[in-house]
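S.K.: Chains B and C: place on chain A using the hints.
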Amino acid sequence: MALESGQSDVEPAKGSRFAFFRRNPLLFIVLLFLFLLVSTFLAVLVGTLGPIGPGEPEKISLSDAMYAILKLDGDYPAYYTAVFWDVRIPRVLLAGLVGAALACAGTAMQAIFRNPMADPFIIGVSSGAAVGAVSAGLIGLTTVVGAFTAPMLAFVSALVTVLVVYKMGTVRGKVYVDTLLLSGVAIAAFLGAIVSFLIFFARDDYHQLIPWLLGSFAVAKWSYVWILVLPVCFGVCLVFLFGRELNALLLGEETAHNLGADPEFLKKLMLTTAALVTAGAVAFTGIIGFVGLIVPHMMRILVGADHRALVPASILFGASFLIWADAISRTIIPGQELPVGIITALCGGPFFLYLLRRSRTSGSMS
Amino acid sequence: MRIDVSDLSFSFGVSRVLKNVSFTVGDGEFLGLMGPNGSGKTTLLRCLTRYLPADPKAVFVDMKPLHTLSDRQLATTFAVVPQSSSTDFPFTVREIVTMGRIPHAHSRILGSRAGDARLVSAAMVASGCDFLADRHFSELSGGERQRVVIARALAQEPKALLLDEPTVYLDISGQLEIMDLVKKLNKERSLTIVAVLHDINLAARYCDRIALLHQGRLEAIGPPSDVLTPETIQSVYGVDVAVRKDPFTHGIYVMPRSITTSARKNGARVHVLCGGGSGGPILRQLVEHGFSLSSGVLNVLDSDYECAVDLHIPVVAEVPFSQISDETNRGNLSMIDDSRAVVVSRFPVGPGNFKNLEAARYALDNGKKVFVISGLDLPSVDFIGGRADACLRGLINAGAVEVSSVDELTRQLGVELEALK
Amino acid sequence: MEMTVGNKGYMTWIALAVVVSSVTAFTGGYYTGAITTDGDSILLVDDYGRTIKLDSIPERIVSTAPTPTEMLFAVGAGDLVVGVDTYSDYPAEVANITKVGDYTLSTEVIISLQPDLIISSDLVPISQLELLEDQGIPFVILATRTLDDVLKDLRLVGILTGHVDEANELVDELEDRIEAVTSKTQAVDLVKPRAYLEYYPYWTYGPGSFGDDLIALAGGINIAENTSSEYPMLTSEFVIAQDPEIIVYTVGYMTTTTADEISSRPGWDVITAVSEGDIHSMDDNLLSRYGPRIVDGLEDLAALLHPDLFA
Numbered sequence: 001m002a003l004e005s006g007q008s009d010v011e012p013a014k015g016s017r018f019a020f021f022r023r024n025p026l027l028f029i030v031l032l033f034l035f036l037l038v039s040t041f042l043a044v045l046v047g048t049l050g051p052i053g054p055g056e057p058e059k060i061s062l063s064d065a066m067y068a069i070l071k072l073d074g075d076y077p078a079y080y081t082a083v084f085w086d087v088r089i090p091r092v093l094l095a096g097l098v099g100a101a102l103a104c105a106g107t108a109m110q111a112i113f114r115n116p117m118a119d120p121f122i123i124g125v126s127s128g129a130a131v132g133a134v135s136a137g138l139i140g141l142t143t144v145v146g147a148f149t150a151p152m153l154a155f156v157s158a159l160v161t162v163l164v165v166y167k168m169g170t171v172r173g174k175v176y177v178d179t180l181l182l183s184g185v186a187i188a189a190f191l192g193a194i195v196s197f198l199i200f201f202a203r204d205d206y207h208q209l210i211p212w213l214l215g216s217f218a219v220a221k222w223s224y225v226w227i228l229v230l231p232v233c234f235g236v237c238l239v240f241l242f243g244r245e246l247n248a249l250l251l252g253e254e255t256a257h258n259l260g261a262d263p264e265f266l267k268k269l270m271l272t273t274a275a276l277v278t279a280g281a282v283a284f285t286g287i288i289g290f291v292g293l294i295v296p297h298m299m300r301i302l303v304g305a306d307h308r309a310l311v312p313a314s315i316l317f318g319a320s321f322l323i324w325a326d327a328i329s330r331t332i333i334p335g336q337e338l339p340v341g342i343i344t345a346l347c348g349g350p351f352f353l354y355l356l357r358r359s360r361t362s363g364s365m366s
Numbered sequence: 001m002r003i004d005v006s007d008l009s010f011s012f013g014v015s016r017v018l019k020n021v022s023f024t025v026g027d028g029e030f031l032g033l034m035g036p037n038g039s040g041k042t043t044l045l046r047c048l049t050r051y052l053p054a055d056p057k058a059v060f061v062d063m064k065p066l067h068t069l070s071d072r073q074l075a076t077t078f079a080v081v082p083q084s085s086s087t088d089f090p091f092t093v094r095e096i097v098t099m100g101r102i103p104h105a106h107s108r109i110l111g112s113r114a115g116d117a118r119l120v121s122a123a124m125v126a127s128g129c130d131f132l133a134d135r136h137f138s139e140l141s142g143g144e145r146q147r148v149v150i151a152r153a154l155a156q157e158p159k160a161l162l163l164d165e166p167t168v169y170l171d172i173s174g175q176l177e178i179m180d181l182v183k184k185l186n187k188e189r190s191l192t193i194v195a196v197l198h199d200i201n202l203a204a205r206y207c208d209r210i211a212l213l214h215q216g217r218l219e220a221i222g223p224p225s226d227v228l229t230p231e232t233i234q235s236v237y238g239v240d241v242a243v244r245k246d247p248f249t250h251g252i253y254v255m256p257r258s259i260t261t262s263a264r265k266n267g268a269r270v271h272v273l274c275g276g277g278s279g280g281p282i283l284r285q286l287v288e289h290g291f292s293l294s295s296g297v298l299n300v301l302d303s304d305y306e307c308a309v310d311l312h313i314p315v316v317a318e319v320p321f322s323q324i325s326d327e328t329n330r331g332n333l334s335m336i337d338d339s340r341a342v343v344v345s346r347f348p349v350g351p352g353n354f355k356n357l358e359a360a361r362y363a364l365d366n367g368k369k370v371f372v373i374s375g376l377d378l379p380s381v382d383f384i385g386g387r388a389d390a391c392l393r394g395l396i397n398a399g400a401v402e403v404s405s406v407d408e409l410t411r412q413l414g415v416e417l418e419a420l421k
Numbered sequence: 001m002e003m004t005v006g007n008k009g010y011m012t013w014i015a016l017a018v019v020v021s022s023v024t025a026f027t028g029g030y031y032t033g034a035i036t037t038d039g040d041s042i043l044l045v046d047d048y049g050r051t052i053k054l055d056s057i058p059e060r061i062v063s064t065a066p067t068p069t070e071m072l073f074a075v076g077a078g079d080l081v082v083g084v085d086t087y088s089d090y091p092a093e094v095a096n097i098t099k100v101g102d103y104t105l106s107t108e109v110i111i112s113l114q115p116d117l118i119i120s121s122d123l124v125p126i127s128q129l130e131l132l133e134d135q136g137i138p139f140v141i142l143a144t145r146t147l148d149d150v151l152k153d154l155r156l157v158g159i160l161t162g163h164v165d166e167a168n169e170l171v172d173e174l175e176d177r178i179e180a181v182t183s184k185t186q187a188v189d190l191v192k193p194r195a196y197l198e199y200y201p202y203w204t205y206g207p208g209s210f211g212d213d214l215i216a217l218a219g220g221i222n223i224a225e226n227t228s229s230e231y232p233m234l235t236s237e238f239v240i241a242q243d244p245e246i247i248v249y250t251v252g253y254m255t256t257t258t259a260d261e262i263s264s265r266p267g268w269d270v271i272t273a274v275s276e277g278d279i280h281s282m283d284d285n286l287l288s289r290y291g292p293r294i295v296d297g298l299e300d301l302a303a304l305l306h307p308d309l310f311a
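Chains as they are written, first to last, in the numbering used here: chain A, 1 to 366; chain B, 1 to 421; chain C, 1 to 311.
Please keep in mind that the hints were generated in silico from the structure rather than gathered at the bench. Where is the CB? At the ideal position from N, CA and C, for every residue including glycine. Be aware that one or more of the hints could be misleading.
As the list claims (entries may be wrong) - Listed below are the simulated EDC-like cross-link pairs for lysine to aspartate or glutamate, each with C-alpha atoms no more than 16 Å apart in a straight line:
| # | chain 1 | residue 1 | chain 2 | residue 2 |
| --- | --- | --- | --- | --- |
| 1 | B | LYS183 | B | GLU165 |
| 2 | A | LYS221 | C | GLU169 |
| 3 | B | LYS368 | B | ASP337 |
| 4 | B | LYS159 | B | ASP62 |
| 5 | A | LYS221 | C | ASP134 |
| 6 | C | LYS152 | C | GLU169 |
| 7 | A | LYS221 | C | GLU130 |
| 8 | B | LYS183 | B | ASP27 |
| 9 | A | LYS174 | A | GLU264 |
Stated by the list, open to error - Partial pick of chain B residues on the chain A-facing surface, computed with a CB cut under 8 Å:
| # | residue |
| --- | --- |
| 10 | THR49 |
| 11 | LEU74 |
| 12 | VAL80 |
| 13 | SER85 |
| 14 | PRO90 |
| 15 | THR92 |
| 16 | ILE102 |
| 17 | ALA105 |
| 18 | LEU140 |
| 19 | CYS391 |
This is chain A alone, in the form it adopts within the complex (with noise of 0.2 Å):
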């Protein structure tokens, strides 16, 4: 990854507190990547047994807790294992993938709307996904065909409803991303209609259907991690790998193609992507909202707007906030569990208002 370091020795960017890592973009990811570790490590410590917790209805010691996630013999309760290994540590990974892969969708379609205030859901994924995981819990195939029944039907209704808007935006081949817009929506608001009608229904099942709807990653196992893994590594990438070619359509499509880089084209595998990156994470955790709003804005004041420091930045950086987030949500009440969106947007939201103030006080940023 060569980026520019912008080794100058003109005027830094006017006023920007933040001019350090734009022309340290290299230094950003490393820092990003290393937190994202030190999350990573510190979320499996959190929990309501602790190390770091509350600590009810008993505390594991720290070393208890290194030996058990070691899987170091010890002089510690079997069970300490199972929560490490079968309980947090699927969650803390399933959370960071679901974060990378909201905050890279998110990133790549404020690009491709050439708006920032596009998310990973703008095209009908989470009405979509909400109408497949509504439906399997009304008609009970969650009890009878097994737990994989919801996510599998959240994520090809979600894959429908998106392709069901991009027929509406592509008049002969050509990507419109306003008609694609306002299909999004005028989609999304049907089918939002469709849920509330059903849940009406649902009434009883409904109950199992809060923790999806609301978000959650209680549900997280072993065997999540892995069917996202793979999906979400290679879709991240894709977006990286097209950073440059993404830099040239938010100047538009035709500068865009001036610039030898096929605009319909990039349009397509970018939807696609995140579509299907998008309709993978939600389909096994419910609608998470914010992150992929937030993250993009929040590191493009940091790192700016190019792609090739963007796309990694956001990577990392949604997952390491989901991850807090999500441990902030299992351990903030005691023996309860706050639902996760919530708290992306809890803490999400002064913090990306103060970045917000901070850069424009400082008389730069758009």
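M.R.: This is chains B and C only, laid out in the frame that chain A set:
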């Protein structure tokens, strides 16, 4: 680089936007594409960049058919500077210019090539935007942005630069700066330039040749002096113009003349000979009192000219700082022929506009009522050693009416024209 | 407010019940569900149609819903309960028991409690229970939805916890109390009042729901008995048209309704129950916790509907 366009046609659905256009752009040439709105200039440019799918056998670059080039080859052949560029995203100038290296990238994973940073800096220096390198693109002025976009185009290392009305949103100094820059690149780097331009004089000044499009057809192509004749401009733009030699650049200067030829609305017309700001108050008051007016001969930058244009008064105009030519004088006299009365304001008279006083004499001799604003006792505005004053006295002696104020002029003109009815 | 689960698994359950109960001898004919015991090991089919095999009688039980919690304590197995959900608040002893979450369970806390059985209701998302099953902790789902289910599930809990005798005694006592009510309320010549039982403004119990069952047993006519949903939201004019003779609203921690609020609803002054002041409140827990307390609810409701019979 040589560009051959041969029998190029293009349609949006049923509407044919380009019809059998053929021309050649020579290596290192500066070609201006001109024509009224909707004549197909931008479409032609987009056919060259393949943004619009043209007939593959219609465009050749260096004898190679356009469609044989890959997207990246195309982007290293042509670099495009659009009318304006903007983005909602906080790109720095350097990042924008670096995008010009996209078609040269070897590998997706390794990112930029070794020499990229140097080439980007060089491009910024060449287009004079290196001092903006770390500023945000979105906070630049229109002219600065165009410099940045030109730098990006240079970073593409293209063989030809295509510009689509690059100065349309710029003020006059910005227009000249950008055009000077493009001309410099054209000269110093032998960069072939194809520029869509809307300003005829800008085109005349900078282009080696001009291609004039009209309703999708190539109306004329050749050096500005051959293409920009009053006849072709009249037929393409429907505007009556005078074409002059520019006193400063020795190029040609095209100047719009009366757009409305006759404005005889309420009865007889009054022709006002004025200049140097002396005519403004007269023109305004007479218009307010419902007189139909014409005016002449005024230099384009004269405040009386501006005033007449503002009041929609037909005016016989002359190139700035130039003597009244015989042709213009004939226009003036024919305006007088169409008028009932002529007013001579107290304008500064020099050798350039002495013909205006001679025109007053012509009016008198042809039976027109002539009014002279008095003030011979005021400090002289005669810059030709008394000849002007003498001429004015001669007019009064020969029957011109001397009026002491604009109010009196209005009154007398009213009486005069009433009597004519 | 507890909800029931449509018919899923129910038919399976009945089918299996018929087959398996025919070979069930040990349970003394009380428990009518599907269960076999062989020595210490227990094989049963729960209300989701799942077959669960326990090698021995559980000693550490986690209950993830109020109904199983109350049942466990009612059959005298409260000392086996090592964890309960945050909604369980009856009997008072549960306050000191470790809390394991609500709709979202705290998986690691449950693992740390090392239970050998989880008893849950159909409110808890099954995907989380499956996560724990993967850890070798079996779970049983009780989808209690009628008064008969309460009695059946109490016996089941008794068998699961080795408190068969206590459970049978309790069920016998409850049956006696139910009989005491229904013997009066099911009399042929009894005039049954039209009743509106509201658990949230305009929301009531429809056909197939616990509330509908209780109104019928308590000798009333549910004005919503012919609606299309188990928990319908009624329109104001529907209630006016049905003209209930008695209105009962529940009082719980979510309640905002009062008798004054109900009688002041626009147009409701023409309703018989309102004009005669026949508006009463009931403890929400007696109607929504399908444990032994539901019989208290039946008795209270019968007394409200027929004050003359239960003076």
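S.K.: Next, verify each hint and record whether it holds.
M.R.: Quick rundown of the hints versus the structure:
1. Straight-line distance between C-alpha atoms of LYS183/B and GLU165/B comes to about 14 Å, which keeps the hinted pair within the 16 Å bound.
2. Our distance criterion of 16 Å between C-alpha atoms is broken by LYS221/A and GLU169/C, whose separation comes to about 43 Å.
3. The straight-line distance between the Cα atoms of LYS368/B and ASP337/B is roughly 8 Å, inside the 16 Å bound, and the hint therefore holds.
4. The straight-line distance between the Cα atoms of LYS159/B and ASP62/B is roughly 10 Å, inside the 16 Å bound, and the hint therefore holds.
5. A C-alpha spacing of about 10 Å is found between LYS221/A and ASP134/C, which places the hinted pair at or below 16 Å, so the restraint holds.
6. Proposed proximity of LYS152/C and GLU169/C is supported: the alpha carbons are some 13 Å apart, at most 16 Å.
7. Proximity of LYS221/A to GLU130/C is assessed by CA-CA distance (about 10 Å); at most 16 Å being required, the pair is judged to hold.
8. Only pairs whose Cα atoms come within 16 Å are accepted, and LYS183/B paired with ASP27/B is accepted, the gap being roughly 14 Å.
9. Straight-line distance between C-alpha atoms of LYS174/A and GLU264/A comes to about 7 Å, which keeps the hinted pair within the 16 Å bound.
10. Interface hint status for THR49/B: upheld, as the beta-carbon distance to the closest one in chain A is roughly 6 Å, under 8 Å.
11. The closest approach between the C-beta of LEU74/B and any C-beta of chain A is roughly 7 Å, which is under the 8 Å cut-off, so the hint is satisfied.
12. For VAL80/B, the interface hint holds, the least distance from its beta-carbon to any beta-carbon of chain A being 4 Å, beneath 8 Å.
13. The interface hint given for SER85/B is met, as the beta carbon of that residue sits about 6 Å from the closest beta carbon of chain A, less than 8 Å.
14. The closest approach between the C-beta of PRO90/B and any C-beta of chain A is roughly 5 Å, which is under the 8 Å cut-off, so the hint is satisfied.
15. With a least beta-carbon distance of about 6 Å to chain A, the hint placing THR92/B at the interface is held under the 8 Å criterion.
16. For ILE102/B, the interface hint holds, since its Cβ comes within 8 Å of a Cβ in chain A; the closest pair sits about 5 Å apart.
17. With a cut of 8 Å, the hint placing ALA105/B at the interface with chain A holds, because the nearest CB-to-CB distance is about 6 Å.
18. For LEU140/B, the interface hint is violated, the least distance from its beta-carbon to any beta-carbon of chain A being 11 Å, above 8 Å.
19. For CYS391/B, the interface hint is violated, the least distance from its beta-carbon to any beta-carbon of chain A being 62 Å, above 8 Å.
This entry does not satisfy hints 2, 18 and 19, going by the numbered hints stated previously.
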